[in-house]
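> Turn these sequences into a full structure, and let the hints guide you.
Number of protein chains: 2
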Amino acid sequence: MEQLLDILKKNQLSITDGRKKILELFLKSPGALAHADIEKNTDASFDRVTVYRTLQTFVEKGIIHNIPTTDNSILYALCKDNCEAGHHHDNHVHFICDMCDKTICLEHVAIPEVKLPKGFKQKQTDVVVSGVCNECKTGS
Amino acid sequence: MEQLLDILKKNQLSITDGRKKILELFLKSPGALAHADIEKNTDASFDRVTVYRTLQTFVEKGIIHNIPTTDNSILYALCKDNCEAGHHHDNHVHFICDMCDKTICLEHVAIPEVKLPKGFKQKQTDVVVSGVCNECKTGS
DNA sequence: GTAAAAATGCAATAATGTTGCAAATAATCG
DNA sequence: CGATTATTTGCAACATTATTGCATTTTTAC
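From first to last, the protein sequence lines are chains U and C.
Mapping to this note's numbering: the first sequence position 15 is 15, numbers consecutive.
Mapping to this note's numbering: the second sequence position 45 is 45, numbers consecutive.
Some hints here could point you the wrong way.
Straight-line Cα separation of at most 30 Å, DSSO-like style, residue types lysine-lysine; simulated pairs [to be verified]:
#1 LYS137(C) <-> LYS118(U)
#2 LYS115(U) <-> LYS118(C)
#3 LYS121(C) <-> LYS28(U)
#4 LYS115(C) <-> LYS137(U)
#5 LYS115(C) <-> LYS115(U)
#6 LYS137(U) <-> LYS123(C)
#7 LYS123(U) <-> LYS28(C)
#8 LYS115(U) <-> LYS102(C)
#9 LYS102(U) <-> LYS118(C)
#10 LYS121(C) <-> LYS123(U)
#11 LYS121(U) <-> LYS123(C)
#12 LYS115(U) <-> LYS28(C)
#13 LYS28(C) <-> LYS10(C)
#14 LYS21(C) <-> LYS40(C)
#15 LYS118(U) <-> LYS118(C)
#16 LYS102(C) <-> LYS123(U)
#17 LYS115(C) <-> LYS123(U)
#18 LYS115(C) <-> LYS118(U)
#19 LYS123(U) <-> LYS40(U)
#20 LYS9(U) <-> LYS20(U)
#21 LYS121(C) <-> LYS115(U)
If you're looking for bench data, these hints aren't it; they were derived computationally from the structure.
Given below as structure tokens:
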């Protein structure tokens with residue numbers, strides 16, 4: 001809870017119920033969240049529009065980032081190591097489990113280096129691996 | 001044109017105006033296309049539903065594949081090297097240019113290996129690099 | 001506590017995606 | 001080629017997801 005307010009303050013955001021609840025969700029969640037997940041878990045205590053705007057604000061401030069997906073959904077994730085510092089480096093691999101459908105930030109798996117052809121300037125690299133996560137594998 | 005019919009035949013698809021036109025678009029396009037791009041470039045000569053279904057069919061047959069994006073859109077790309085052979089390997093890096101907004105398949109940049117923590121089973125790896133493409137860099 | 005600034009909820013609207021079914025088109029076979 | 005069958009398409013209706021303006025409420029700053 002302390003951490004929660006800290007993050008909001010550091011980013012010069014007003015402390016509101018909506019932002020607290022949504023940020024709390026991210027802090028509790030092991031993986032990434034889609035807009036729909038957030039609406040479910042807040043059981044409609046907030047307007048859809050508020051959720052959209054809150055997510056947008058969080059992305060702008062670098063509190064969360066979005067993860068590329070091949071279906072047309074946006075996944076958002078808070079990445080613990082970096083975001084507390086206020087500036088954001090999203091330099092780890094994301095994993096999507098085909099079974100439980102969760103997206104997990106593999107904080108300790110570094111993004112490998114990619115060598116581009118001549119003339120390309122590289123800014124960011126996103127790596128998304130899909131397969132079966134450790135929980136689903138051992139759980140079965 | 002020959003190539004076009006070839007691809008459709010190899011995949012046991014009926015030759016229709018819609019499929020010809022959409023596939024032609026992909027063959028001509030240097031980068032990836034979104035559903036909206038296709039609707040624009042066919043100037044509404046086909047119903048929206050037809051476009052949806054055609055894209056879906058092409059993906060199923062492995063003629064095109066979709067590329068992960070961080071906004072909520074699906075990008076489709078035909079990857080020349082593989083798709084003509086009828087079977088599909090999408091094992092290359094995708095590049096999104098921040099300036100011209102195009103998505104390019106870097107056919108000759110292989111997906112690097114990623115080592116996952118214990119317990120994870122890896123099936124597919126997507127790599128999306130963003131930055132400035134060769135055309136935008138030299139063009140400015 | 002009060003005034004100014006910011007965030008929220010509501011309503012309306014836009015954009016995007018899906019499904020069933022009849023009509024049109026393409027492939028098959030004599 | 002022409003008729004039959006299979007497939008594809010377009011339309012309509014509907015569902016879901018996202019965006020915008022504005023009045024109201026809440027938060028912040030003093």
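> Hints first: check each against the structure and report whether it holds.
Verification of the hints:
no.: 1; hint: LYS137(C) <-> LYS118(U); verdict: 11 Å, holds
no.: 2; hint: LYS115(U) <-> LYS118(C); verdict: 27 Å, holds
no.: 3; hint: LYS121(C) <-> LYS28(U); verdict: 25 Å, holds
no.: 4; hint: LYS115(C) <-> LYS137(U); verdict: 17 Å, holds
no.: 5; hint: LYS115(C) <-> LYS115(U); verdict: 18 Å, holds
no.: 6; hint: LYS137(U) <-> LYS123(C); verdict: 13 Å, holds
no.: 7; hint: LYS123(U) <-> LYS28(C); verdict: 28 Å, holds
no.: 8; hint: LYS115(U) <-> LYS102(C); verdict: 19 Å, holds
no.: 9; hint: LYS102(U) <-> LYS118(C); verdict: 17 Å, holds
no.: 10; hint: LYS121(C) <-> LYS123(U); verdict: 29 Å, holds
no.: 11; hint: LYS121(U) <-> LYS123(C); verdict: 29 Å, holds
no.: 12; hint: LYS115(U) <-> LYS28(C); verdict: 26 Å, holds
no.: 13; hint: LYS28(C) <-> LYS10(C); verdict: 20 Å, holds
no.: 14; hint: LYS21(C) <-> LYS40(C); verdict: 12 Å, holds
no.: 15; hint: LYS118(U) <-> LYS118(C); verdict: 36 Å, violated
no.: 16; hint: LYS102(C) <-> LYS123(U); verdict: 15 Å, holds
no.: 17; hint: LYS115(C) <-> LYS123(U); verdict: 23 Å, holds
no.: 18; hint: LYS115(C) <-> LYS118(U); verdict: 27 Å, holds
no.: 19; hint: LYS123(U) <-> LYS40(U); verdict: 35 Å, violated
no.: 20; hint: LYS9(U) <-> LYS20(U); verdict: 11 Å, holds
no.: 21; hint: LYS121(C) <-> LYS115(U); verdict: 26 Å, holds
In this structure, the hints that do not hold are numbers 15 and 19, in rising order.
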